[in-house]
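> For the record, the sequence lines run as chains B and L.
To convert, note that position 336 of the first sequence is 339 in the numbering used here; the numbers rise steadily by one, no gaps.
To convert, note that position 24 of the second sequence is 318 in the numbering used here; the numbers rise steadily by one, no gaps.
Hints are supplied without guarantee of correctness; some may be wrong.
In silico BS3-like links for lysine-lysine, alpha-carbon gap of 30 Å or less [to be verified]:
#1 K455(L) to K324(L)
#2 K324(L) to K296(L)
#3 K296(L) to K454(L)
#4 K455(L) to K84(B)
#5 K157(B) to K296(L)
#6 K303(L) to K84(B)
#7 K77(B) to K324(L)
#8 K84(B) to K345(B)
Keep in mind the hints are simulated off the structure, nothing from the lab.
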Amino acid sequence: MGMTMTQKILAAHAGADEVRQGDLIEAGLDLLLGNDITTPPAIDCFRESAFGEVFDKDKIVLVPDHFAPNKDIKSAEQCRKMREFAKEQNITHYFEQGREDMGVEHVIIPENGLAKPGNCIIGADSHTCTYGALGAFSTGVGSTDLACAMATGKTWFRVPGAIRVNLTGKLGKYVSGKDVILSLIGRIGVDGALYQSLEFCGEGVAALSMTDRLTICNMAIECGAKNGIFPVDEITLAYVKERVPGYDEDTSWLYPDEDAQYDRELTIDLSSIRPVVAFPHLPSNVRELGSFSRIDIDQVVVGSCTNGRIEDMRKAAAVLKCRRVADGVRAIILPGSQRVYKQALEEGLLAIFVDAGCVVSAPTCGPCLGGYMGVLGKGEKCVSTTNRNFVGRMGHKESEVYLAGVEVAAASAVLGYIGSPDELGNM
Amino acid sequence: MKITGRVIKYGANVDTDVIIPARYLNTSVKEELAKHCMEDLDPDFVNRVKPGDIIVAGPNFGCGSSREHAPVAIKASGIACVIAPSFARIFYRNSINTGLAILECEQAYEGIEDGDEISIDFDTGVITDLTSNLVFRAGAFPAFISEIMKADGLVGYTKKKLQ
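Only chain B is shown next, with the shape it has when bound in the complex (with noise of 0.2 Å):
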């Protein structure tokens, strides 16, 4: 019977010819994650558990990104017992604060040629599913699993059925892989992808940037999905090839075989997709721009790890360029790592922002969950580009977040309510 890309991936981590949905499997893993609110538990598991020496140096990601830089004081500790742990165990790829490959860490990995196609990773973050936009098998756990991958480099798994979703057309004016993936959440709930892989196929994948693809991995969680995974095309190869020198690993198995059995296929076509914002209080309470009256809002952030990459921030630049914040919004700008930072200095879009009165953090995590850097108070509301808006996910539990693509957070900040670049007037 044939897998799923998914299941071929699993497959060969478990050292098996054939994997079906719902074998329990043990898989090698390449590539294991932790940030400083997972990690920190981690380590307290692995010392009681006195399980010794890590299995592999190399294999490890440790990264501060969540509440740092330092927000407080036990935040601080947890940086350090994270710190401390990756000096002791040698860990080849901790990443500190500032450093050149620092940042969100669903940006830095593809971003350091650290996750590559069909590769199985997994990590102690919900949003680890990034990945599957390079052809890789990945997906969050929590610090128990990853505390005990760090000692035997192997995790179990239960084999998942898949959703097909065979992608055509191409996407319109200021419409991005973010309308793409809220909209599908929008189209079968915030569990309508329980413990199934998203596999995405058909010729409007070849019309998707790697930006667009791996936002769309990354709200995979969102619907619940275990993975979502694209196949390996040109586009892959040249984003690997460009960060992982003299990378030529065969990569001709990454495909779906065609009699793959999948538990349910939607085609989506994208052009028709239309700029779509989240209300609260779920990821999949969407609604087209244009269908609602006018929300007035507090506040804007536009970065994460589902939107925090050059092109995001070239999108952004390109709405605020000679523009001005509302009065009485606050936007607030975070590239995703210190080279998209950089990036978007030497191309003067820093400036641009900070001429249009926004605020431009270091690269973190801090708002997106309501750590810091941009906290809601009472009653506030925000546009943002992150992945939730959950009770309470930004700051006070009466606070709302509206989730969108970069284009209408950036031209909602001018506005100062909810709406398009369209609505904007000519400069």
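We have chain B; now place chain L onto it with these hints.
Only chain L this time, still in chain B's reference frame:
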């Protein structure tokens, strides 16, 4: 093993941000986390929860973040078991790994009311509502997962394998 407890009931999609808001994740001390459990969904939860209480909730319980702090906070608050039609997959793993008992049962969610006294037989998966006398049967765990649970969570299981 059999337990009896009072039910605290919630709806669908109880997410990890309401189970334990990220603003409290600058610690992983379980007693600290328990103080803020369910804070943004049910501020009174921490006052009314008693050791041995059971949460019955709607589908997709624990959706959102990978924070293991969520099942840890629920367990540390005294909750003996969570019953829901389905769990978000990372929460499911984290519960098994950290020893928070969970059961999948759609009928129980439909039939059990807030405040009911229920008993759970973990060996048979039978849930009995002692208030209404209704009986439900939860799905059994795959053998492999039962093995992890028998080893007292993933750490015990891993230690056994490394020996």
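> Please list, smallest to largest, the hint numbers that this structure does not respect.
Violated: hints 5 and 6.
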